[in-house]
Amino acid sequence: MTESYPSFTPFLLANPFIRNAPTFLVARICHHAMATMHHRYRPVFERIAEQEAFALLISPTDLDLQFYLKIDADHPELRPARHGEEETIAAQISGPLPALLELLQGSSDGDALFFSRTLRIEGRTELVVALRNALDGESIDLRSAVAESFGVMGPAAKVALGLAEKIYRQLQHDMNRTADALTSPTATRLLGLEKRTSAQAATMAEIEKTIQRRNRHTRVKPSGTAKDDFALPANP
Amino acid sequence: MELVCPAGTPASLHAAVAAGADVVYCGFRDATNARNFPGLNFSRAELRDAVEHAHKHGVHVYLACNTYPQAGAEEIWHKAVDDAVAIGIDAIILADIGLLRYARDRHPDARLHLSVQASASNEEAIQFYHQEFGVRRVVLPRVLSLDEIRTLNQRIQVETEVFAFGGMCVMAEGRCSLSSYATGESPNMNGVCSPAAHVHYEERGDATVSRLGNFTINIYDSDEKVGYPTLCKGRFRAMDKSGYLFEEPTSLDVTAILPELADAGVSALKIEGRQRGKAYISQVVGAFRASLDKIAKGQHDARSKLSTLSEGQSDTTGAYRRNWQ
Numbered sequence: 001m002t003e004s005y006p007s008f009t010p011f012l013l014a015n016p017f018i019r020n021a022p023t024f025l026v027a028r029i030c031h032h033a034m035a036t037m038h039h040r041y042r043p044v045f046e047r048i049a050e051q052e053a054f055a056l057l058i059s060p061t062d063l064d065l066q067f068y069l070k071i072d073a074d075h076p077e078l079r080p081a082r083h084g085e086e087e088t089i090a091a092q093i094s095g096p097l098p099a100l101l102e103l104l105q106g107s108s109d110g111d112a113l114f115f116s117r118t119l120r121i122e123g124r125t126e127l128v129v130a131l132r133n134a135l136d137g138e139s140i141d142l143r144s145a146v147a148e149s150f151g152v153m154g155p156a157a158k159v160a161l162g163l164a165e166k167i168y169r170q171l172q173h174d175m176n177r178t179a180d181a182l183t184s185p186t187a188t189r190l191l192g193l194e195k196r197t198s199a200q201a202a203t204m205a206e207i208e209k210t211i212q213r214r215n216r217h218t219r220v221k222p223s224g225t226a227k228d229d230f231a232l233p234a235n236p
Numbered sequence: 237m238e239l240v241c242p243a244g245t246p247a248s249l250h251a252a253v254a255a256g257a258d259v260v261y262c263g264f265r266d267a268t269n270a271r272n273f274p275g276l277n278f279s280r281a282e283l284r285d286a287v288e289h290a291h292k293h294g295v296h297v298y299l300a301c302n303t304y305p306q307a308g309a310e311e312i313w314h315k316a317v318d319d320a321v322a323i324g325i326d327a328i329i330l331a332d333i334g335l336l337r338y339a340r341d342r343h344p345d346a347r348l349h350l351s352v353q354a355s356a357s358n359e360e361a362i363q364f365y366h367q368e369f370g371v372r373r374v375v376l377p378r379v380l381s382l383d384e385i386r387t388l389n390q391r392i393q394v395e396t397e398v399f400a401f402g403g404m405c406v407m408a409e410g411r412c413s414l415s416s417y418a419t420g421e422s423p424n425m426n427g428v429c430s431p432a433a434h435v436h437y438e439e440r441g442d443a444t445v446s447r448l449g450n451f452t453i454n455i456y457d458s459d460e461k462v463g464y465p466t467l468c469k470g471r472f473r474a475m476d477k478s479g480y481l482f483e484e485p486t487s488l489d490v491t492a493i494l495p496e497l498a499d500a501g502v503s504a505l506k507i508e509g510r511q512r513g514k515a516y517i518s519q520v521v522g523a524f525r526a527s528l529d530k531i532a533k534g535q536h537d538a539r540s541k542l543s544t545l546s547e548g549q550s551d552t553t554g555a556y557r558r559n560w561q
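Chains as they are written, first to last, in our numbering: chain A, 1 to 236; chain B, 237 to 561.
Next comes chain A alone, as it looks inside the complex (with noise of 0.2 Å):
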């Protein structure tokens, strides 16, 4: 499995904060995420039954961290992946979180994102598309969902999580806006070097042709002797 640059996203961030949190307070938020999940959207397990259960890493590239996500229709387990467990498991997603959560929610199409190379996967391609497939089929909110889980103050949750989406979308601006300053210097001057390139290339290629109609002209017409093995009988 493998590596992928990380993603410039609010979700880097986060993560001093993740790495120094207790493992059990990790694993006890993603067990909730999934039992909410299994229990507001039966049908996605259901669909995806068909299948036998397999897991899946699941590696968003702006995050210090990894989820080990285990599809069963009935015992579904989503946790910090740990290592060493490799072996177990049957593909690897990659991607920044927000692109993996719009793709949850299907307010991103998937192909779209890998064609892009937003999204990279590897191993058992016919479980991530079974996956996708199934989690497309359903109208997922993930706001609602998350409102729900905190039960008599969902409503309040759910104000905590607009402002939160206010903030992020903040962030994200402000930060794409610092990566514009620091690259684009950068820029302008490979912007400069690829019209050298291409001027280069072209004259190259001129070349190339000069060289090519000078050794037709010159080109010297097979001799026709017995030496060669190519020649044809001559006349007779």
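It is possible that part of the hints are untrue.
Quick list of in silico lysine-lysine cross-link-like pairs, DSSO-like style, CA-CA up to 27 Å [to be verified]:
id: 1; chain 1: B; residue 1: K292; chain 2: B; residue 2: K315
id: 2; chain 1: B; residue 1: K533; chain 2: B; residue 2: K461
id: 3; chain 1: B; residue 1: K461; chain 2: A; residue 2: K195
id: 4; chain 1: B; residue 1: K541; chain 2: B; residue 2: K530
id: 5; chain 1: A; residue 1: K209; chain 2: A; residue 2: K195
id: 6; chain 1: B; residue 1: K477; chain 2: B; residue 2: K461
id: 7; chain 1: A; residue 1: K209; chain 2: B; residue 2: K477
id: 8; chain 1: A; residue 1: K195; chain 2: B; residue 2: K477
id: 9; chain 1: B; residue 1: K530; chain 2: B; residue 2: K292
Pairwise CB distance ranges (calculated) [to be verified]:
id: 10; chain 1: B; residue 1: R539; chain 2: A; residue 2: A201; range: 25 to 33 Å
id: 11; chain 1: A; residue 1: M204; chain 2: B; residue 2: Q393; range: 56 to 64 Å
id: 12; chain 1: A; residue 1: H75; chain 2: B; residue 2: K315; range: 31 to 39 Å
id: 13; chain 1: A; residue 1: L191; chain 2: B; residue 2: R539; range: 20 to 28 Å
id: 14; chain 1: A; residue 1: F8; chain 2: B; residue 2: S416; range: 29 to 37 Å
id: 15; chain 1: A; residue 1: R82; chain 2: B; residue 2: V445; range: 44 to 52 Å
id: 16; chain 1: A; residue 1: G84; chain 2: B; residue 2: I312; range: 38 to 46 Å
id: 17; chain 1: B; residue 1: R280; chain 2: A; residue 2: E52; range: 20 to 28 Å
id: 18; chain 1: B; residue 1: D529; chain 2: A; residue 2: M204; range: 45 to 53 Å
id: 19; chain 1: A; residue 1: A202; chain 2: B; residue 2: L481; range: 33 to 41 Å
id: 20; chain 1: B; residue 1: F451; chain 2: A; residue 2: F8; range: 48 to 56 Å
id: 21; chain 1: B; residue 1: V445; chain 2: A; residue 2: A202; range: 27 to 35 Å
Note that these hints are calculated values from the structure, not bench results.
C-beta: ideal position from N, C-alpha, C; glycine also.
Given the coordinates of chain A, work out where chain B should sit on it, guided by the hints.
Same frame as chain A, but now just chain B:
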């Protein structure tokens, strides 16, 4: 022109209806249709609900039953036709002549369309299907130019449906054996081109390697967009040059030539992609609905905003304009 849209799941069908489809086409969850992918397609109960939902919104539903029955297993295909009629499908899309005859004999009132898988691309072939089986519409293979479609429409008595958006094919529809050669499973009989169980991706540094069975299809550099893992879209080396020998990974998009297609007498536009997600369905169907509505008002915007959804993130007007000639 009627807008015929794909749906691989009930959620996609709802998305297509909401986005402005005139018709949604789908398939049963078995080998009777050419998109037999894991987790995709409809059970009988799901299709019944879907038809009810679509009809409530004034939208028709077609069933694709467009693979070729396997010898000795014809009952699966016969049952698909019978169930489609019982559910109240508005048209059945068929390719096999045996199945067309079965549908004609058992369900003389059913509306039959000829699938692109039948590869009927000339007047005689289309007239044969019309006269023998009562086919009322033909889905044209992606090999014809606009002029050829116009000429054909002047000479035949049936409606024509053409592909408007989505994945391209090597133009040997219903006859292609590339996937079968590589995997042992045929798109024509098993309903799967490049079945996912035979597809493997490997991340090699910055490069992505795609394989189908024992064949390496492509090695994409970090700055390249990816296409479907089909042999026809593979990059191969021949005579010291590597390149796309059959066709490049690109999608069809006819947004720019919609008025010309209408002028050529086309009755319906088909959007490809029952294997795609509901986000794709919403965006593509929504965009084509808006374009068709504009054309109805005498306006036309030739620019398409759908390139991010395209295979290889690039598009073409394919054989309609034959820019390569």
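Structure versus earlier hints - violations, ascending order: As far as the earlier hints go, 2, 14, 15, 19 and 20 are violated by this structure, in ascending order.
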